[in-house]
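*Asks:* Here is what each chain is made of, one letter per residue.
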Amino acid sequence: MKKHGARLSKDFVEQLSWEKNEPAWMREHRLHCLEIFEKLPMPRFGPDLSELDLGDLTYYARPVEPVQSWDELPEELRRTFQALGLPEAEQKALAGLGAQVDSEEVYRSLLEELRAKGVIFTSMEKAVREFPWIQDYFMKIVPPEDNKFAALHGAVWSGGTFIWIPEGVEVEIPLQAYYRMQTEGVGQFEHTLIIAERGSSVHYIEGCSAPRYSRMSLHSGMVEIYAKEEARVRFTTIQNWSKNVYNLNNKRAWAYAGASVDWVSGSLGSKVTMLYPTTVLLGKGARTENLSFTFAQEGMWLDTGARAIHRAPDTTSRLVSRSVVQGRAKSVFRGTVYVAPGARGAKAHVECSTLLLSPEARTETIPILNAENDEVELGHEATVGRVSQEQLFYLMSRGLDESQALSLIVNGFVSPILKEIPLEYAVELRRLLEMSFERAIA
Amino acid sequence: MNALEVHDLWVRVGDKLILRGVDLALEPGQVHALMGPNGSGKSTLALALAGHPEYQVVKGRAFLEGRDLLALPPYERARAGLFVAFQYPPEVEGVKLREFLRLACGERGKGFCEFQRIFPQALARLKMEDFRDRELNVGFSGGEKKRAELLQLYMLRPKVALLDEPDSGVDVDAMRLIAEVIKEMAAAGTAVLIITHYPRLLEYVPPEKVFVLLDGRIVDHDGPELAWRIGEAGFEVVRK
Chain A
16 MKKHGARLSK DFVEQLSWEK NEPAWMREHR LHCLEIFEKL PMPRFGPDLS
66 ELDLGDLTYY ARPVEPVQSW DELPEELRRT FQALGLPEAE QKALAGLGAQ
116 VDSEEVYRSL LEELRAKGVI FTSMEKAVRE FPWIQDYFMK IVPPEDNKFA
166 ALHGAVWSGG TFIWIPEGVE VEIPLQAYYR MQTEGVGQFE HTLIIAERGS
216 SVHYIEGCSA PRYSRMSLHS GMVEIYAKEE ARVRFTTIQN WSKNVYNLNN
266 KRAWAYAGAS VDWVSGSLGS KVTMLYPTTV LLGKGARTEN LSFTFAQEGM
316 WLDTGARAIH RAPDTTSRLV SRSVVQGRAK SVFRGTVYVA PGARGAKAHV
366 ECSTLLLSPE ARTETIPILN AENDEVELGH EATVGRVSQE QLFYLMSRGL
416 DESQALSLIV NGFVSPILKE IPLEYAVELR RLLEMSFERA IA
Chain B
452 MNALEVHDLW VRVGDKLILR GVDLALEPGQ VHALMGPNGS GKSTLALALA
502 GHPEYQVVKG RAFLEGRDLL ALPPYERARA GLFVAFQYPP EVEGVKLREF
552 LRLACGERGK GFCEFQRIFP QALARLKMED FRDRELNVGF SGGEKKRAEL
602 LQLYMLRPKV ALLDEPDSGV DVDAMRLIAE VIKEMAAAGT AVLIITHYPR
652 LLEYVPPEKV FVLLDGRIVD HDGPELAWRI GEAGFEVVRK
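The listed protein sequences correspond, in order, to chains A and B.
Going by this note's numbering, the first sequence opens with residue 16, and the numbers climb by one from there.
Going by this note's numbering, the second sequence opens with residue 452, and the numbers climb by one from there.
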């Protein structure tokens with residue numbers, strides 16, 4: 016496999032599958048997805064994607080070989096991961112950690128006690144090779160027909176994580192994956208599949224970053240979560256992609272009876288993001304929470320949302336978003352709730368607030384609440400606020416400089432979301448916010 | 452040394468010239484009053500000294516303990532020891548009073564431990580215990596906002612405090628409380644300037660010196676009896 020310059024074609028997809036030594040079902044799946052990709056149109060809503068040239072991407076890159084310990088990584092990358100605090104987090108706060116650079120995983124670890132309990136935390140490739148039964152799960156929640164980028168992902172996916180939590184096993188401390196795009200003009204298409212068996216629980220955290228290049232990059236990951244009866248899954252993503260990245264993802268979960276799925280998403284970077292984590296509440300009493308924080312800065316369009324599909328009785332959903340927009344930037348929040356005819360006693364609450372820090376900042380909230388039976392409780396709130404010069408001056412007249420004053424206002428505004436994020440990440444988020452303000456003011 | 456000195460200060464807002472050569476000196480540990488009818492430029496003086504971007508200094512100088520105040524950005528003026536109690540303090544949603552004061556105190560050299568110690572004292576002094584976890588000025592009544600300004604003053608212990616109508620919208624009990632706090636601050640060394648157009652608050656805190664601002668200039672200054680004369684006969688007594 017060429018490390019660079021791999022272009023999209025049937026040959027490429029076949030070679031990718033061959034190099035990964037995949038079973039026939041996966042090769043066929045990839046080719047099927049490619050066909051669908053070629054037929055489907057680009058998304059007909061949301062941000063302008065005209066500058067994203069799918070013919071000019073590098074669809075596979077492996078700039079770094081996998082290692083057993085951080086020390087073996089090339090110096091520059093090792094320093095990057097160190098600056099991101101990964102080795103330290105691995106020691107202190109995580110049950111397992113995976114790190115991926117461009118198309119392939121470079122590092123993975125899991126606590127021995129979890130391995131002993133039967134927890135599987137491995138690369139997606141390895142899982143596809145070792146567990147034939149995965150074909151009953153892989154892209155069954157998000158089929159390639161769903162949208163063009165789902166189909167593209169299905170054709171060229173590489174890397175990502177497979178997690179299986181056995182029945183009744185509760186993983187108390189989080190598992191984490193870190194995604195880095197290193198090569199200029201690369202596309203990253205990791206696939207994450209989480210299966211939490213009955214009564215189990217897991218918290219999975221994703222972090223993302225990339226150096227800035229002038230050429231556009233594409234990140235189009237997919238996450239599928241199966242939360243079986245009474246299982247609890249929390250999925251946290253903090254993305255800080257550089258401003259040349261198109262971040263177009265598909266994330267979806269099925270929650271069986273009594274299960275709960277929580278999505279926590281912090282979107283701080285990228286040129287364009289399209290991200291709508293979705294939970295399908297399949298079983299009675301299933302619940303979902305979807306907490307989204309976006310910070311759109313100069314030149315960015317963060318198009319995010321949350322979807323809850325109530326297909327069973329007594330299901331509940333809560334979709335909460337806080338968006339901050341600075342400079343000539345735009346944030347959109349699409350909160351969608353659908354309640355099926357049989358989902359009696361469903362409860363859904365959608366709440367989105369936006370804070371505009373500049374006169375040029377733009378925002379839109381697009382709630383769609385659709386209930387097909389009468390025994391439901393639906394609530395919706397939306398607010399847009401602006402930081403006024405009077406507020407800023409008032410805080411500055413007490414000794415806070417402009418970035419302190421803005422951070423204070425923004426921190427207060429996003430605190431309902433930040434308090435749901437593990438402490439170390441909340442601290443990191445605050446630090447990223449403060450850095451952004453300092454840059455913007457300078 | 453004077454705590455604050457203002458020399459020949461000219462300030463405009465947009466195209467309108469509001470201050471036309473103000474001279475003023477405040478002494479440490481003393482209470483001063485700045486009186487004047489509506490529109491005479493009292494608030495302009497306070498906001499221009501605080502560095503509000505819409506109040507443009509055309510000419511003149513100002514010194515805080517000898518430091519060139521006008522050369523500093525607003526937050527550095529505050530860090531140097533200037534405090535302005537706003538006539539209309541804005542509501543700042545999402546920002547906890549406590550969190551805000553912790554940061555502001557930090558910039559005045561008060562560490563976290565000191566903050567933890569003095570914050571409950573200040574809340575008790577201003578009878579604002581219930582406001583501990585409230586958002587900054589959000590939903591406060593007019594009088595509560597004034598007390599919250601005094602609470603900040605009490606916490607920050609500035610060298611110079613310019614209090615813009617701390618008495619408006621305040622009931623008698625709160626007025627007494629505010630007066631006591633102002634006296635306490637002066638006794639601790641702060642140079643206080645009470646900006647008002649009524650002498651009412653001044654009856655509770657007799658100023659050592661009264662300045663009268665008219666049409667952008669200080670037209671008279673004298674001891675407290677000037678305030679009483681204005682109280683009886685209005686600002687006519689200084690229109691010569």
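The hints are simulated quantities; they were obtained by calculation from the structure and are not laboratory data.
One or more of the hints may lead you astray.
[Stated by the list, open to error] DMTMM-like, lysine to aspartate or glutamate: derived pairs with alpha carbons at most 20 Å apart:
(1) A:K434 x B:E550
(2) B:K547 x A:E449
(3) A:K163 x A:E313
(4) A:K434 x B:D474
(5) B:K547 x A:E405
(6) B:K547 x A:E435
(7) B:K547 x A:D416
(8) A:K258 x A:E313
(9) A:K434 x B:E544
(10) A:K258 x A:E43
(11) A:K54 x A:D68
(12) A:K286 x A:E405
(13) A:K434 x A:E187
*Asks:* Indicate, hint by hint, whether the structure satisfies it.
*Replies:* Going down the list of hints, with the structure as the test:
no.: 1; hint: A:K434 x B:E550; in the structure: holds, 15 Å
no.: 2; hint: B:K547 x A:E449; in the structure: holds, 18 Å
no.: 3; hint: A:K163 x A:E313; in the structure: violated, 28 Å
no.: 4; hint: A:K434 x B:D474; in the structure: violated, 51 Å
no.: 5; hint: B:K547 x A:E405; in the structure: holds, 17 Å
no.: 6; hint: B:K547 x A:E435; in the structure: holds, 18 Å
no.: 7; hint: B:K547 x A:D416; in the structure: holds, 17 Å
no.: 8; hint: A:K258 x A:E313; in the structure: holds, 9 Å
no.: 9; hint: A:K434 x B:E544; in the structure: holds, 17 Å
no.: 10; hint: A:K258 x A:E43; in the structure: violated, 35 Å
no.: 11; hint: A:K54 x A:D68; in the structure: holds, 17 Å
no.: 12; hint: A:K286 x A:E405; in the structure: violated, 31 Å
no.: 13; hint: A:K434 x A:E187; in the structure: holds, 18 Å
Hints 3, 4, 10, 12 from the earlier list are contradicted by this structure; the remaining hints agree with it.
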